[in-house]
Amino acid sequence: MSRDQFAFVRKHMLPEAPPPATQTGAIKWLRENLFSSPGNALLTIVSAYVVFQIVISATPWFLNGVWDSPSLSACREILDGKTGACFAVLSERWNQLLFGFKYPSELYWRPGLAFLLLFIAAAPVLFGKIFPRKMLIFTGLYPFVAYWLIWGGSLMVPIFALLGVLVGAFVYRRMVTVNAGIAVIVAFVAALVFWILSGYVTAPMENVLAIEAVASRDMGGFMINLMLGVVCVSLSLPLGILLALGRQSSMPIIKWICVVFIEFIRGVPLITLLFVANVVLAYFLPPGTNFDLILRVIIMITMFSSAYIAEVIRGGLAALPRGQYEAADSLGLDYAQAMQLIILPQALKISIPGIVNVAVGLFKDTTLVSVISMFDIVGMIRGPILASSEWNGVYWELFGFACVLFFITCYGISQYSQWLERQLRTDHR
Amino acid sequence: MAAETQMNVSDQVAVEITKMNKWYGAFHVLRDIDLTVYQGERIVIAGPSGSGKSTLIRCINALEEHQKGKITVDGTLLSNDLKNIDKIRSEVGMVFQHFNLFPHLTILENCTLAPIWVRKTPKREAEEVAMHFLEKVKIPEQANKYPGQLSGGQQQRVAIARSLCMRPRIMLFDEPTSALDPEMISEVLDTMIQLAEEGMTMLCVTHEMGFARKVANRVIFMDQGQIVEQNEPEEFFNNPQSDRTKLFLSQILGH
Chain A
1 MSRDQFAFVR
11 KHMLPEAPPP
21 ATQTGAIKWL
31 RENLFSSPGN
41 ALLTIVSAYV
51 VFQIVISATP
61 WFLNGVWDSP
71 SLSACREILD
81 GKTGACFAVL
91 SERWNQLLFG
101 FKYPSELYWR
111 PGLAFLLLFI
121 AAAPVLFGKI
131 FPRKMLIFTG
141 LYPFVAYWLI
151 WGGSLMVPIF
161 ALLGVLVGAF
171 VYRRMVTVNA
181 GIAVIVAFVA
191 ALVFWILSGY
201 VTAPMENVLA
211 IEAVASRDMG
221 GFMINLMLGV
231 VCVSLSLPLG
241 ILLALGRQSS
251 MPIIKWICVV
261 FIEFIRGVPL
271 ITLLFVANVV
281 LAYFLPPGTN
291 FDLILRVIIM
301 ITMFSSAYIA
311 EVIRGGLAAL
321 PRGQYEAADS
331 LGLDYAQAMQ
341 LIILPQALKI
351 SIPGIVNVAV
361 GLFKDTTLVS
371 VISMFDIVGM
381 IRGPILASSE
391 WNGVYWELFG
401 FACVLFFITC
411 YGISQYSQWL
421 ERQLRTDHR
Chain B
1 MAAETQMNVS
11 DQVAVEITKM
21 NKWYGAFHVL
31 RDIDLTVYQG
41 ERIVIAGPSG
51 SGKSTLIRCI
61 NALEEHQKGK
71 ITVDGTLLSN
81 DLKNIDKIRS
91 EVGMVFQHFN
101 LFPHLTILEN
111 CTLAPIWVRK
121 TPKREAEEVA
131 MHFLEKVKIP
141 EQANKYPGQL
151 SGGQQQRVAI
161 ARSLCMRPRI
171 MLFDEPTSAL
181 DPEMISEVLD
191 TMIQLAEEGM
201 TMLCVTHEMG
211 FARKVANRVI
221 FMDQGQIVEQ
231 NEPEEFFNNP
241 QSDRTKLFLS
251 QILGH
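Residue numbers (UniProt numbering), protein chains in the order written: chain A, 1 to 429; chain B, 1 to 255.
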């Protein structure tokens, strides 16, 4: 090997070139994905046949569907032996499916309005970049407005509930400079004390600025599922964050409380907790106290999902490199600032798929309340509707409808979370 | 050169460490460290890995807790009180080996975050200061990008700018060039040299001996958690006293 065999000096740097143009388009896609081998081609043909058969047999069921009929027998007469769905049950019992069978029908507009306002309240939280920050004020007020619309009664109740939150926030502001963890606990206790005391104030003011009250036991239908889902998800997320941070705390008492809470709640089936909420809790409360059933269920579901969310977020926290904590510390940020500005935004971003998983699961689990004799959508279907003489035997249409409602909601949540992940992607990998 | 840089050093004490000891469990990482740093001094700390040099500078801003002895930073005695620690940290800038920029914030937001939240500087003013320092480290045009879009050298210069935005009295550098490609080391070192020329008090843990010769007015050599030798760079490199130092220098300057 002599020197002039390998000695080389580049005179010009090569310009960037496009990749070789290969065949593109639909035919290439079909070849690659459906008919890449004889086996795959066979599978494609068989699957296409199965799909075709399903569509063929389901289409008349949908197309011949009867939307207007007073009962199942009348519906069958209209169909006259043909295959067809009896969607009339949906139009006939529409309000029951949505609001339950005891909610006063002249007041349906109130939960309806609360539902519409939910979108306005959620918009600035879900799409912070698009909607003005000032809308968050309405988001903060929304829970109290919605409570008043759905339950009715004196306006004083939500106002005092709001004041309790403000008391808690004030105490937190005062205490946070001492210690963030203790501040949260003290603020919570302060708000709780305020609420208990304000109960004595609002009790005699039952008729001050009052609209017609509706009791919890009169509520039902998909409204209950939505209420439980929205309330429990929005409560369990902050609670889950606190639990996750508490579990990492250097203070043994806080850490110990969080670990015991999480491990206990995760070790118990939700249905058991719901039975506890329904029956057992009453034994522990002083006699005569009227502790609302929906509130008890909300507390139980929130505790349950917050324990799961806490563990999801703990995973996100563990995924952050130690350098992020050190950089935040070295700049002089205190614990609350470091968590709020540096650690949580990143940890929560990592945890989005897990949190959404829990949220979707929680929303579907709200149907479990039908077991403790609450008439949510499943409770309504299995109870008043299927048990009625008119509609006994209409299973597919009713449960299919419930499935569609849940699917739309859950698929929406899932799509939103994927959009959010794309929005928050800044690593440019 | 040495005489010229000497002039910037005042007799005001920036950091005073006396009889400082630290243990990781039973492992004695730092043993009886005594060190006085004067305002305007540029100190390079060298030593084999595991000698405790990083731990030493991390004790100064309390990223690591020491168990015995005293550390006084800019007249404030370092104690366990969180307020005290946060005050010291806001006066002491730190640059890390792996930059530790905040990946979810833009370059500008990285630089303005601490001034806004810790110093309570108005946002616009903080942004002006940040742009000033980003110009100084020569990357103002990257202000609205995210750290993930920048090269290692650029990220490290942003990290330096981020620290400077807090107007620190002292800067700590923890192996700032060790994670960089060879071609990017010099751009970071240039920034550090510029900073030194402006009279910043600097403690640098680094293996860049060329930088030490050029900028430092004192080189400290550590081994097994102790300060083995310290001297002016000329003396330190040309006339090392202890055998350990001689061995170390022969190994790193060998090629």
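Note that these hints are calculated values from the structure, not bench results. Here the structure is a predicted model, which means the values were calculated and not measured. Among the hints, erroneous ones may be present.
As the list claims (entries may be wrong) - DSS-like cross-link-like pairs, simulated, lysine-lysine; straight-line CA separation at most 25 Å:
id : chain 1 : residue 1 : chain 2 : residue 2
1  : B       : Lys83     : A       : Lys129
2  : B       : Lys83     : B       : Lys70
3  : B       : Lys19     : A       : Lys255
4  : B       : Lys68     : A       : Lys349
5  : B       : Lys214    : A       : Lys134
6  : B       : Lys83     : A       : Lys134
7  : B       : Lys19     : B       : Lys87
8  : A       : Lys129    : B       : Lys87
9  : B       : Lys68     : B       : Lys83
Evaluation of the provided hints:
About 35 Å separates the Cα atoms of lysine 83 of chain B and lysine 129 of chain A, which puts this hinted pair outside 25 Å; it is violated. Distance restraint check for lysine 83 of chain B and lysine 70 of chain B: the Cα-Cα separation of roughly 17 Å lies within the 25 Å cut-off, and the hinted pair is therefore satisfied. Of the pairs offered as hints, the one joining lysine 19 of chain B and lysine 255 of chain A is violated, with about 34 Å between alpha carbons and a cut-off of 25 Å exceeded. Restraint check for lysine 68 of chain B and lysine 349 of chain A: not satisfied, since their Cα atoms lie roughly 40 Å apart, outside the 25 Å limit.
Distance restraint check for lysine 214 of chain B and lysine 134 of chain A: the Cα-Cα separation of roughly 55 Å exceeds the 25 Å cut-off, and the hinted pair is therefore not satisfied. Taken as a hint, the lysine 83 of chain B and lysine 134 of chain A pair is broken in the structure, with Cα atoms around 33 Å apart against an allowance of 25 Å. Between lysine 19 of chain B and lysine 87 of chain B, the direct Cα distance comes to roughly 23 Å. Compliance with the 25 Å bound is thereby established for this hinted pair. Only pairs whose Cα atoms come within 25 Å are accepted, and lysine 129 of chain A paired with lysine 87 of chain B is rejected, the gap being roughly 34 Å.
Proximity of lysine 68 of chain B to lysine 83 of chain B is assessed by CA-CA distance (about 20 Å); at most 25 Å being required, the pair is judged to hold.
Hint check: violations occur at hints 1, 3, 4, 5, 6, 8; the rest are consistent with the structure.
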